[in-house]
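2 protein chains.
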Amino acid sequence: MKALKERILRDGRCFEGGILKVDNFINHQMDARLMMAMAEEFVCRFEGERIDKVITIEASGIAPAIMVGYRLGVPVVFAKKARPSTMQNMLTTEVFSFTKGRKYDICVSGEYLCEGERVLFIDDFLANGNAAKGIVDLVHKAGATLVGMGFLIEKAFQEGGALLRDAGIRTESLAVVESLDNGQIVLRD
Amino acid sequence: MKALKERILRDGRCFEGGILKVDNFINHQMDARLMMAMAEEFVCRFEGERIDKVITIEASGIAPAIMVGYRLGVPVVFAKKARPSTMQNMLTTEVFSFTKGRKYDICVSGEYLCEGERVLFIDDFLANGNAAKGIVDLVHKAGATLVGMGFLIEKAFQEGGALLRDAGIRTESLAVVESLDNGQIVLRD
Chain A
1 MKALKERILR DGRCFEGGIL KVDNFINHQM DARLMMAMAE EFVCRFEGER
51 IDKVITIEAS GIAPAIMVGY RLGVPVVFAK KARPSTMQNM LTTEVFSFTK
101 GRKYDICVSG EYLCEGERVL FIDDFLANGN AAKGIVDLVH KAGATLVGMG
151 FLIEKAFQEG GALLRDAGIR TESLAVVESL DNGQIVLRD
Chain B
1001 MKALKERILR DGRCFEGGIL KVDNFINHQM DARLMMAMAE EFVCRFEGER
1051 IDKVITIEAS GIAPAIMVGY RLGVPVVFAK KARPSTMQNM LTTEVFSFTK
1101 GRKYDICVSG EYLCEGERVL FIDDFLANGN AAKGIVDLVH KAGATLVGMG
1151 FLIEKAFQEG GALLRDAGIR TESLAVVESL DNGQIVLRD
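Protein chains in written order, with this note's numbering: chain A, 1 to 189; chain B, 1001 to 1189.
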């Protein structure tokens, strides 16, 4: 997606360890109009699919996911990283975060992720695919069907994309980062 | 706001200790179209004000805030509850959560909350007003100006609303809960 790629090249910054910081327009400060344009791009790419619900993970996935839900006219559920005391019928799975260097649980209420539902997962980054694997597990536990996964930015030099596509999951990324070597952002054409 | 009030009465549930659970359409599963309608109501209420930026706190504030930012055509910044390792020029303040029974820090980068900016705070709930007080402090530290605060739901039986209005802060709530006694949701007309 052209507008996103241009913005990454203009405002993205590289940090050591393959970190791409886009907190000027996605992860901390958010460009709301770009967010809607990205959501519309996902809606185009998944056109023709029946989608009953959008699912994401707090916190950075919420903004793109709510825009996709708005355009599709379907509810959006965000998996939580903390276990709320009042959650009933909870589905839970463990996710390992490379960024944080530790495991954490994500959970979703079985009231809002149900058998037979066709769900689209939306998130900001696809890197090692650990959060995505967690969602695959939650969707499986619920007896729902995963229509596909949409990411704003995919890091092609990490294994997540290959892992999801090899598992037969339709995976759409709006910008693909080929490398961040020597502090230089290289995007796929 | 009529649509929100009707939804609260239909889908809201009371729990002990004055807890109103609206995770069917706001806090866990989100109704994206209602979220946009609520954002439009905030835009109407704050019409005529110059607003440079919307600010919120992760995670439940992000969905309404991004919709308000979209309609206003301004950036949205969310204060973070964890201190990111790569954040520069960080502004931080302490918030006490009654729900969680503990203090936590919220922080925002001084790159994205700047001197002279006129900011609108949007959040899901106004109860004791502790998160709102944290934002007042962050805005003050940045040298920015708080245009006002908008909440989806205000609990009138807790002190936050009085506290903010007594401090001269324009506070708009789309639904006001008068009481949750005996498991009964009573809304202000």
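If you're looking for bench data, these hints aren't it; they were derived computationally from the structure.
Possibly wrong hints are sitting among the right ones.
Stated by the list, open to error - With a straight-line Cα cutoff of 25 Å, these simulated DSS-like cross-link-like pairs (lysine-lysine) come out:
#1 B:1081 x A:103
#2 A:81 x B:1081
#3 B:1053 x A:5
#4 A:53 x B:1005
#5 A:21 x B:1005
#6 A:81 x B:1002
#7 B:1053 x B:1021
What the hints assert, rightly or not - Reference listing, derived: stretches of chain B covered by chain A, where coverage requires no fewer than 3 residues with Cβ under 8 Å from a Cβ of chain A:
#8 1014-1024
#9 1029-1041
#10 1137-1143
To be verified - On the chain B side, residues computed to face chain A include the following (Cβ under 7 Å):
#11 1059
#12 1069
#13 1070
#14 1077
#15 1086
#16 1090
#17 1112
#18 1115
#19 1156
Note that the coordinates shown come from a computational prediction; the quantities given were computed from them, not determined experimentally.
Every residue, glycine too, gets a C-beta built ideally from N, C-alpha and C.
These are the hints, each one checked on the structure:
1. Among the hinted pairs, residue 1081 of chain B with residue 103 of chain A is consistent with the structure: their alpha-carbon atoms are about 18 Å apart, no more than 25 Å.
2. Restraint check for residue 81 of chain A and residue 1081 of chain B: the C-alpha separation of about 12 Å stays at or below 25 Å, so the hint holds.
3. As the CA atoms of residue 1053 of chain B and residue 5 of chain A are separated by approximately 24 Å, the hinted pair is consistent with the 25 Å bound.
4. For the suggested pair residue 53 of chain A and residue 1005 of chain B, the alpha carbons sit about 24 Å apart, so the restraint of at most 25 Å is met.
5. Proposed proximity of residue 21 of chain A and residue 1005 of chain B is contradicted: the alpha carbons are some 40 Å apart, above 25 Å.
6. Simply put, residue 81 of chain A and residue 1002 of chain B have alpha-carbon atoms about 32 Å apart, too far for the 25 Å limit, and the pair is violated.
7. Distance hint between residue 1053 of chain B and residue 1021 of chain B is unfulfilled; the C-alpha atoms sit about 29 Å from each other, more than 25 Å.
8. A stretch counts as covered by a chain when three or more of its residues have a beta carbon under 8 Å from one of that chain; for the stretch 1014-1024 of chain B and chain A the count is 5, and the coverage holds.
9. Remark: the stretch 1029-1041 of chain B is confirmed as covered by chain A, as 7 of its residues place a Cβ nearer than 8 Å to a Cβ of that chain, reaching the required three.
10. Using a Cβ-Cβ cut-off of 8 Å, 0 residues of the stretch 1137-1143 of chain B lie near chain A, which falls short of the minimum of three, so the contact claim is violated.
11. Interface restraint check: residue 1059 of chain B against chain A, minimum CB-CB distance 4 Å, threshold 7 Å, status holds.
12. The restraint placing residue 1069 of chain B at the interface with chain A holds, with a minimum CB-CB distance near 4 Å, inside the 7 Å limit.
13. The beta carbon of residue 1070 of chain B is positioned within 7 Å of a beta carbon in chain A (closest approach about 4 Å), and the interface hint is therefore held.
14. Satisfaction of the interface hint for residue 1077 of chain B is found here, the shortest Cβ-Cβ separation to chain A being roughly 5 Å, below the 7 Å cut-off.
15. Taken as an interface hint, residue 1086 of chain B checks out: its beta carbon lies about 6 Å from the nearest beta carbon of chain A, inside 7 Å.
16. The criterion of a C-beta within 7 Å of any C-beta in chain A is not met by residue 1090 of chain B, whose closest approach is roughly 11 Å, and the hint is violated.
17. With its C-beta approaching chain A no nearer than about 4 Å, residue 1112 of chain B sits inside the 7 Å limit, and its interface hint holds.
18. Annotation: residue 1115 of chain B was flagged as interfacial toward chain A, and the flag is violated, the nearest CB pair being 16 Å apart, outside 7 Å.
19. At its closest, the beta carbon of residue 1156 of chain B sits 22 Å from a beta carbon of chain A; the interface hint therefore is violated under the 7 Å criterion.
Violated hints, in rising order: 5, 6, 7, 10, 16, 18, 19; the structure is consistent with all others.
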